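Novice: One gets my numbering by counting positions in the sequence shown from 1 and adding 16 to each.
Incorrect hints may have been included.
What the hints assert, rightly or not - Ranges between beta-carbon positions, derived for each pair:
#, residue 1, residue 2, range
1, 234, 262, 41 to 51 angstroms
2, 183, 124, 16 to 26 angstroms
3, 57, 192, 35 to 45 angstroms
4, 210, 50, 15 to 25 angstroms
5, 234, 158, 35 to 45 angstroms
6, 168, 50, 35 to 45 angstroms
7, 198, 253, 40 to 50 angstroms
8, 210, 262, 35 to 45 angstroms
9, 165, 262, 36 to 46 angstroms
10, 170, 124, 22 to 32 angstroms
11, 247, 89, 19 to 29 angstroms
Said to hold, decoys possible - Cross-link-like lysine-lysine pairs, in silico, DSS-like; alpha carbons within 27 angstroms at most:
#, residue 1, residue 2
12, 186, 244
13, 115, 55
14, 101, 55
15, 244, 87
16, 106, 145
17, 249, 115
18, 87, 49
19, 198, 186
20, 136, 115
21, 186, 116
22, 87, 106
23, 228, 255
24, 244, 115
Note that these hints are calculated values from the structure, not bench results. None of these values were measured; they are calculated from a predicted model. Glycine included, C-beta positions come from ideal geometry on N, C-alpha and C.
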Amino acid sequence: MDFEDSFASAPVRYALDDIDSDEELEACVNNQKVSVQAKITVDSDNCQSNLTLVFGLDGPGNVYIHSLEGKPAVIGTVTRFVDDKNAEVKASILQLSDKKTLFIPFDGAIQPEEAGQYTKAILNGFAGKIEKVVVLDSFTAVGYTSEVWGDDLTPPFLRVLQTSASPTIKGLTLYESPNMIKGLAASIVNHCEIHSIPCYDLLTLQESIYGKLLITVEILQAYDEGLKQLGLKIHFNEKLMNETLASRHSGRVDDNHHRLYL
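Take these sequences, add in the hints, and give me the full structure.
Specialist: Here it is as structure tokens:
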């Protein structure tokens with residue numbers, strides 16, 4: 017065989033030349049005007065000052081909030097608009113009977129490029145009334161760097177990342193560098209850091225099997241302990257957790273095809 021022989025060039029997709037390229041499709045999507053609105057549907061007098069806002073991110077965080085004992089009341093919504101129409105509710109705003117604790121569980125993933133809009137819409141809506149912010153976040157053992165060699169990464173396992181304005185809680189272990197948070201969690205923490213708002217990002221270790229992320233009782237128990245350390249005496253109910261998983265996730269791989277809820 018003569019290795020000097022030239023090979024045929026790669027096929028050119030002439031038949032697809034009339035189809036928009038990925039870059040053109042992305043540009044079209046980016047031209048859409050996306051806005052986010054946080055709306056309270058009750059009398060503003062019901063929203064006191066010194067509020068604690070608890071965000072439940074898609075995954076263990078939102079399941080935990082939907083599994084709380086005492087069933088918080090719905091007092092508002094967080095809605096996403098495209099071109100000032102096509103409204104889509106991304107989260108409900110819930111309130112405990114003490115009227116000092118609000119929960120915002122997100123029932124779907126938030127695109128990183130839109131995270132800032134959600135953060136500003138919600139936190140600016142409660143400007144001057146916030147005592148502290150808590151984010152119910154999660155992380156996996158893959159890629160996690162621990163300061164303790166051979167650390168037993170078994171749920172319940174909790175870490176916290178907090179803003180400089182937050183009092184240090186001795187019972188909570190810091191999320192070690194160089195580990196990083198991202199997306200909506202990073203946006204919320206960054207906003208709170210800039211505006212000197214005490215904020216705690218509680219990260220529970222989320223286990224996986226065959227690459228599928230799981231939600232178990234032990235994973236949610238870590239939130240119970242973390243919130244207790246922050247002075248919030250709330251608990252999730254295992255029966256409600258199972259009902260939430262059955263109704264919202266059906267025990268199957270979710271829409272993103274990378275999580276399995278049991």
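Novice: Is 22 to 32 angstroms respected by the C-beta to C-beta distance linking residue 170 and residue 124?
Specialist: holds (29 angstroms)
Novice: If I claimed the Cβ atoms of residue 210 and residue 262 lie 35 to 45 angstroms apart, would that claim hold in this structure?
Specialist: holds (40 angstroms)
Novice: Check the hint pairing residue 136 with residue 115 against an upper bound of 27 angstroms on the C-alpha distance.
Specialist: holds (22 angstroms)
Novice: Can you tell me whether the CB distance of residue 210 to residue 50 sits inside 15 to 25 angstroms?
Specialist: With Cβ atoms ~22 angstroms apart, the hint holds.
Novice: Take a quick look at whether residue 115 and residue 55 sit within 27 angstroms of each other, Cα to Cα.
Specialist: OK: residue 115 and residue 55 at ~16 angstroms, within 27 angstroms.
Novice: Is 35 to 45 angstroms respected by the C-beta to C-beta distance linking residue 168 and residue 50?
Specialist: The hinted range 35 to 45 angstroms holds for residue 168 and residue 50, with Cβ atoms some 43 angstroms apart.
Novice: For residue 234 and residue 262, compare the CB-CB distance with the range 41 to 51 angstroms and indicate the outcome.
Specialist: Violated: the Cβ-Cβ distance is about 19 angstroms, outside 41 to 51 angstroms.
Novice: Is the hinted range of 40 to 50 angstroms satisfied by the C-beta distance from residue 198 to residue 253?
Specialist: Violated, since residue 198 and residue 253 (Cβ atoms, about 30 angstroms apart) do not stay within the stated range.
Novice: With the threshold set at 27 angstroms, check whether the alpha-carbon distance from residue 186 to residue 116 stays at or below it.
Specialist: holds (24 angstroms)
Novice: Given the range 36 to 46 angstroms, decide if the beta-carbon distance of residue 165 to residue 262 lies inside it.
Specialist: holds (40 angstroms)
Novice: Please verify whether residue 87 and residue 49 have alpha carbons no more than 27 angstroms apart.
Specialist: Roughly 35 angstroms separates the two Cα atoms, so the pair is violated.
Novice: Would you check the hint for residue 228 and residue 255, treating anything up to 27 angstroms between C-alpha atoms as holding?
Specialist: Within the cut-off at roughly 23 angstroms; holds.
In terms of the numbered hints stated before, the structure departs from hints 1, 2, 5, 7, 18, listed from lowest to highest.
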